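**Student:** Spelled out, the chains give:
There are 2 protein chains.
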Amino acid sequence: MRAEIIAVGTELLMGQVVNTNATFLSEQLTGLGYQIYFQTVVGDNRERLNDCLSLATERSDLIVLTGGLGPTEDDLTRETLAHFLDAELAIDQAGLEKIIQHFTIQGRELTDNNRKQALSLVGGQTLTNPTGLAVGDFYQTPSNAYLLLPGPPSEMKPMFLQEAVPLLQDRLPQNNQLFSRVMRFFGIGESQLVTVLADEISGQTNPTIAPYAAPNEVRLRLTAQARNNLAANQLLDSLEKRIMALVGDYFYGYGEENSLVKETVQALKDSHATLAVAESLTAGLVQSTLGQLPGVSEVFVGGFVTYSNEMKQQLLGVEEATLAKHGAVSRECAKEMAVNTRRLTGADYALSLTGVAGPSEVEGKAVGTTWIALAKPDGTVQTQAYRFTRDRTYIQHSAMMNGLNSLRIELLNKK
Amino acid sequence: MRAEIIAVGTELLMGQVVNTNATFLSEQLTGLGYQIYFQTVVGDNRERLNDCLSLATERSDLIVLTGGLGPTEDDLTRETLAHFLDAELAIDQAGLEKIIQHFTIQGRELTDNNRKQALSLVGGQTLTNPTGLAVGDFYQTPSNAYLLLPGPPSEMKPMFLQEAVPLLQDRLPQNNQLFSRVMRFFGIGESQLVTVLADEISGQTNPTIAPYAAPNEVRLRLTAQARNNLAANQLLDSLEKRIMALVGDYFYGYGEENSLVKETVQALKDSHATLAVAESLTAGLVQSTLGQLPGVSEVFVGGFVTYSNEMKQQLLGVEEATLAKHGAVSRECAKEMAVNTRRLTGADYALSLTGVAGPSEVEGKAVGTTWIALAKPDGTVQTQAYRFTRDRTYIQHSAMMNGLNSLRIELLNKK
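Residue numbers (full-length UniProt numbering), protein chains in the order written: chain H, 1 to 415; chain Z, 1 to 415.
Hints listed in this document are in silico derivations from the structure and should not be mistaken for laboratory results.
There could be a bad hint or two in this list.
Which copy is meant is left open, so a pair is good if it fits within one copy or across any two.
Dumping the calculated SDA-like pairs for lysine to any residue here, alpha-carbon to alpha-carbon at most 25 Å [said to hold, decoys possible]:
(1) K269 to E361
(2) K262 to R221
(3) K325 to Q125
(4) K98 to Q314
(5) K415 to R390
(6) K325 to N309
Computed from a predicted structure; not experimentally measured.
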């Protein structure tokens, strides 16, 4: 089943907004089992949008439109689609009531332009907007289906996931419902993962395996076609078992919205343990990444950014002799940073990171050289050397991810 | 002059990569004076790419292609374009020598696939790749121009800016060269800026004004059409003067690649002053953002992340009485954090940030409530209260930007 995405908006063509909607919809539709052959961006222009609809209708089964459902005169996607399909537009009563309620609460006057956002294609299915005012539409002809979604990602995503996905699944051939599972891996690159899983991937029919790489991690999306959830889970469990036998050492968690930092914080919560951090080359990246998670204060107390050698001595009490003899990028310095941070903060665990972020070498040590230490509740310290590559930002990110992972592994092993 | 962008890559259609290239190129081409009517994404497929080229050639003057110049069999943009244009491909000697040199240094064997990256369209202009191996191309027919760029943004952007821009400027009508200047503003929202500048914007013909919003800042791109740089600068200077008269208080710097943190670090360097930071709600965000800049160690020494109240006492020596009486989110606490950080680190300036990042209120203080303090070399402390809005991430970012800006303003006023 071929699908394509048309994003409508002059702001996209001016380069003012990044088209993340196309990325989200492509990944989601691929996961459902659609094949995406094209993405198009077109401005808020009747004629050019109409041309895009003609072309898309010839070459794709499903056409997904986003954007141009707002209240202003520029917003003409709905009208253009109605004209293209020779379909009428009528007010969706539930949608209009929501708009009226919104304006009443805000104490603002309702204009005809605002009413426009409740217009829906006669003969189609109206999609409600859980987080905004413009309704969406799903309209089928004998040969094609058209999905009409709002432009703001905060409205488009919930409408797609809650309203559109069931309709799109119904369109796929019978017995062909798709069920997905996302597995996340750290410490193995995409190309290595794909190489190790080559037999599984080349032989895949049902379930399928799709790898997605992100900085310092790889996700696998396993997708099974089955009559129901139970049958799908049997297929997915079996594939997962084979995958885990090959690369289970690198697996850290499930789910699209998961992350290594979330899993690490969860492991701390499960262990009722607290963490403090001392950062040199990462300059606060580990701590600010922890700080992005609501409720992290339960397990993360704080720590130090000791960017200069003087601060390593003054704030953390690293010995001058250590710095003179071994340098700041050394096992000995990392160890003292971690041990002293644990002592100064009283946290159960203290993580320290010291290294050469670049662009120039330090103490004769190459860019990317990094030491990470973890001071533990029993008073012992675990240290590990790394040699990260690429640019400054990537080196700092690699250090953070490896530091968090060493803590996560330690907490899991203790259980 | 109409332009459109074709991004080639199956990874874009799978939703594995966000098409930031289209955004960058759209903004740049718009700035040069081209009108972008379409962006397309197509997979690594000869036939479908050929169809896209046919359509684009009919409807646009300039066709910009990115992606698919790599060494693998999937990469077929160059071959497909050559076939479409009925042009020959030949090895670019300078490009090949760069590839050979790269493989020699790496100690890896050169294959025919790698040589392919030095192929160039006969009759076109080869564009060198400052940060990678694949050469680019600029090819003109009587009716159209084709610009061929690599896919990785780290290669595409330098090639576009250094190699393609002069060629694209030459294509524009005589006397119509375009010259741009980017002005950056902090502390004023896009809608407010546009409202204040309404007369300038509505009356614009030459130069033009285009606003671009990013989190916690707005950029204005001023573009003048003129015979030469001197004439353009006169037009731009005059417009800039009028803009500065209206919103000069919010202006902080020039340039596409600039940022508030860069300007703040530069102000520290100009003042030969050092900085330490104590962060509560931002949890290291200020320090890690500083840490992203190479060479920041000249002025940034480090600091504290005192996420819990205990850490504010233990690490920073904030008085228990202060926390009991005023709470952690208070002028008094921010003040002690800054003063004590300056004392403990010996830095010239110390910045502290304490507030409610959310999602829940703290000490009866609403989400977004924030105090920022700056301890100065003369022993005085400046404090300021804020009430930031939106989500946790945005509140933390707002706090960081306002903290850095207060330091920047202080350093500028001292000069």
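**Student:** Classify it for me, K98 with Q314: is the Cα-Cα distance of at most 25 Å met within a copy, between copies, both or neither?
**Tutor:** So K98 and Q314 fail the 25 Å test inside a copy (57 Å) and across (48 Å) alike.
**Student:** Within, between, both or neither: how does the pair K325, N309 come out at a Cα-Cα threshold of 25 Å?
**Tutor:** Result: close within a single copy only, 13 Å intra versus 36 Å inter.
**Student:** With identical chains, the pair K262 and R221 could be close in the same copy or across copies; at 25 Å between alpha carbons, which is it: within, between, both, or neither?
**Tutor:** within (19 Å within a copy, 39 Å between copies)
**Student:** With 25 Å as the alpha-carbon cut-off, assign the pair K269 and E361 to within, between, both or neither.
**Tutor:** between (38 Å within a copy, 22 Å between copies)
**Student:** Please sort K325 with Q125 into within, between, both or neither, judging by C-alpha distance up to 25 Å.
**Tutor:** neither (72 Å within a copy, 56 Å between copies)
**Student:** First find the shortest C-alpha distance between K415 and R390 inside one copy, then the shortest across copies, and answer within, between, both or neither for a cut-off of 25 Å.
**Tutor:** So K415 and R390 fail the 25 Å test inside a copy (35 Å) and across (39 Å) alike.
Comparing the model with each numbered hint stated earlier shows that hints 3, 4, 5 do not hold.
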